[in-house]
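Undergrad: Next come the chains, spelled out residue by residue.
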Amino acid sequence: MNINATYINIYNVCKRELWLHANQIRFEHTSDIVYDGKLIHEDSYPLRSSKYEEIEIDGIKVDYYDTKNKVIHEIKRSNKIEQAHEWQLKYYMYVFEQHGVTDVKGILEYPTLRKTQPVVLSDVDRDRIKEIIADIDKIISSEECPPLQKKGICKSCSYYEFCFTKEVEE
Amino acid sequence: MKKTFYLFNPGMLERKDNTLKFTPFDSEENPMQPRYLPVEDVSEFYVFGSLRASSSLYNFLGQKDIAVHFFDYYENYTGSFMPRDTLLSGKVLLAQTAAYQNKRKRVEIAHKFIDAAVWNMLMNLNYYNRRGKELDEQIAKMKSLAEIIPNTDTIPELMGIEGLIRQEYYTAFDIILNDFNMSSRTKQPPENEVNALISFGNMMCYSETLRAIHQTQLNPTISYLHTPGERRYSLCLDVSEIFKPIIVDRVIFKVLNKRLIQEQHFDHKLNSCLLNQNGKKIYVKAMEERYEETFKHRSLGRNVSYKHLIKLECYKLLKDLLGLEEYKPFKMYW
Ligand code: SF4
Numbered sequence: 001m002n003i004n005a006t007y008i009n010i011y012n013v014c015k016r017e018l019w020l021h022a023n024q025i026r027f028e029h030t031s032d033i034v035y036d037g038k039l040i041h042e043d044s045y046p047l048r049s050s051k052y053e054e055i056e057i058d059g060i061k062v063d064y065y066d067t068k069n070k071v072i073h074e075i076k077r078s079n080k081i082e083q084a085h086e087w088q089l090k091y092y093m094y095v096f097e098q099h100g101v102t103d104v105k106g107i108l109e110y111p112t113l114r115k116t117q118p119v120v121l122s123d124v125d126r127d128r129i130k131e132i133i134a135d136i137d138k139i140i141s142s143e144e145c146p147p148l149q150k151k152g153i154c155k156s157c158s159y160y161e162f163c164f165t166k167e168v169e170e
Numbered sequence: 171m172k173k174t175f176y177l178f179n180p181g182m183l184e185r186k187d188n189t190l191k192f193t194p195f196d197s198e199e200n201p202m203q204p205r206y207l208p209v210e211d212v213s214e215f216y217v218f219g220s221l222r223a224s225s226s227l228y229n230f231l232g233q234k235d236i237a238v239h240f241f242d243y244y245e246n247y248t249g250s251f252m253p254r255d256t257l258l259s260g261k262v263l264l265a266q267t268a269a270y271q272n273k274r275k276r277v278e279i280a281h282k283f284i285d286a287a288v289w290n291m292l293m294n295l296n297y298y299n300r301r302g303k304e305l306d307e308q309i310a311k312m313k314s315l316a317e318i319i320p321n322t323d324t325i326p327e328l329m330g331i332e333g334l335i336r337q338e339y340y341t342a343f344d345i346i347l348n349d350f351n352m353s354s355r356t357k358q359p360p361e362n363e364v365n366a367l368i369s370f371g372n373m374m375c376y377s378e379t380l381r382a383i384h385q386t387q388l389n390p391t392i393s394y395l396h397t398p399g400e401r402r403y404s405l406c407l408d409v410s411e412i413f414k415p416i417i418v419d420r421v422i423f424k425v426l427n428k429r430l431i432q433e434q435h436f437d438h439k440l441n442s443c444l445l446n447q448n449g450k451k452i453y454v455k456a457m458e459e460r461y462e463e464t465f466k467h468r469s470l471g472r473n474v475s476y477k478h479l480i481k482l483e484c485y486k487l488l489k490d491l492l493g494l495e496e497y498k499p500f501k502m503y504w
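For the record, the sequence lines run as chains A and B. All residue numbers for the first sequence refer to my numbering, where the first residue is 1 and numbers rise by one. All residue numbers for the second sequence refer to my numbering, where the first residue is 171 and numbers rise by one.
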């Protein structure tokens, strides 16, 4: 099973979303959020680009890798699902390690909040990532879609209407 | 917000950077004043006159996710250009097929479409009954026929009952409508004004349903009530059954009783009657107004339009097919 960083990310947000996404059940969404993210990506660091490299390996795509200092920068729009962002970054570091690039540091950046947060990959995290990968594999190859969970995040999820529309009889 | 554009005149559609240029032709095929449409504003085109366009234009429309629906001179739907299926799920296709092949499941879903269609037809009649039209007889007959529905266990039986109910429903049209008579339903070609409007409206609803289905990953060629292959996109026929009464028929009652559409908006031929261009424009406008009407959706807690409701219907069907939640069709309660 091909697991990529998006899966790790979604896994930490919602298991149902992961299943739907992995099974290619995706809907057109209002592209505002994607667009917004792109704007930050393009406009916030126009002068720093030479320092960074873009790296793609094993289903991950790192936009800002500082080769000299071995730091992966991950830029996010809001810290609403910070935990998921952390795991995404830890997964990047894990994949780097798997490819022989060790002692990599990670920094999460929220330019609109003027906030940065260092992320480290511990042994506990490494074990956890292995577990997560196994769990993702189990979820997405299952015939059954995980149940609906009422969460704050649902309202801004692209599956919100799919998940929550139903007939309420009088 | 993106809008549907209706091209009534024959003409030529071209790309000019990020703008679409439509040049209508007069009856001698001479170009007239062009119109420019920013591509971001267009959700789809309905083409009623002949259209000249190049493949590079279609490539561009495809990229921008803009569908084009074509209608012939007799207002029959002839086909659509649909943007590439960027969204395709093998899982959904398999689930749709499995439900079709399972006889019990197929009939169960088909029942639901008819169930809701009949309910919504009855809501229309109740509405006019409360407003002084004498419809008790039709309502009673339809209700007693509807009681047979749960006992039908094949599609042809179900279709038979549906046909009888619809006949009864259509006799109510002559009572609801003040100045026009429909007598009986005639298609291809429609023989009188009311029939012309029903055909035209149903066609529009069908295309809109195709759009909704396309956005929700369902495959429009696999259907339950109608036989796949009966029409190219037979699932549109299934789903639009639910919405025809509340969208198409309501609009027909309105445009005729408010005299927005009158005798002069039709072209009469020997054995056919069709809306003329002005008539189409008026009908389309009334239809758009109906589509855009919103109400507070109970489970979503948001305002949704009737147009959007069609897409939500597809979501519910999809959830059932994927085994997430039993499908309950939309029934109007007001
Ligand atoms: S709407 Fe909520 S339950 Fe549904 S996929 Fe999104 S986060 Fe998960």
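These aren't lab readings, by the way, just hints derived from the structure by calculation. This structure is a prediction, so every number in the text was calculated from the model and none was measured. The beta carbon of each residue, even a glycine, is placed where N, CA and C say it ideally should be. Hints may be right or wrong, so weigh each one.
[Stated by the list, open to error] The following residues of chain B were derived to be distant from chain A, with all beta-carbon distances above 10 Å:
hint, residue
1, Q271
2, D323
3, I325
4, E495
[Claimed, not checked] Derived DSS-like pairs: lysine-lysine, alpha-carbon spacing no greater than 30 Å straight-line:
hint, chain 1, residue 1, chain 2, residue 2
5, A, K80, A, K105
6, A, K138, B, K261
7, B, K498, A, K150
[As the list claims (entries may be wrong)] Covered stretches of chain A, going by a simulated chain B footprint (3 or more residues, C-beta under 8 Å):
hint, segment
8, 11-25
9, 92-105
Undergrad: Between the alpha carbons of K498(B) and K150(A), is the straight-line distance 30 Å or under?
TA: 21 Å, holds
Undergrad: Examine each Cβ of chain A, and state whether all of them lie more than 10 Å from the Cβ of E495(B).
TA: 7 Å, violated
Undergrad: Has the segment 92-105 of chain A got at least three residues whose CB is nearer than 8 Å to a CB belonging to chain B?
TA: It is violated, with 0 qualifying residues against the three required.
Undergrad: According to the definition I'm using, a residue is off the interface if its beta carbon is farther than 10 Å from all beta carbons of the partner; does I325(B) meet that for chain A?
TA: 23 Å, holds
Undergrad: Does K105(A) sit within 30 Å of K80(A), going by the straight-line distance between their CA atoms?
TA: Holds, at roughly 22 Å.
Undergrad: Are K138(A) and K261(B) close enough, with their CA atoms no more than 30 Å apart?
TA: Given pair K138(A), K261(B) holds - Cα atoms ~16 Å apart, limit 30 Å.
Undergrad: Are three or more residues of the segment 11-25 of chain A within 8 Å, CB to CB, of chain B?
TA: holds (count 3)
Undergrad: Is the nearest Cβ of chain A still more than 10 Å from the Cβ of D323(B)?
TA: Nearest chain A Cβ is 24 Å from D323(B), so the label holds.
Undergrad: Are all C-beta atoms of chain A more than 10 Å from that of Q271(B)?
TA: Answer for Q271(B): holds, closest chain A Cβ roughly 17 Å.
Checked against the numbered hints above, the structure violates hints 4, 9; every other hint is satisfied.
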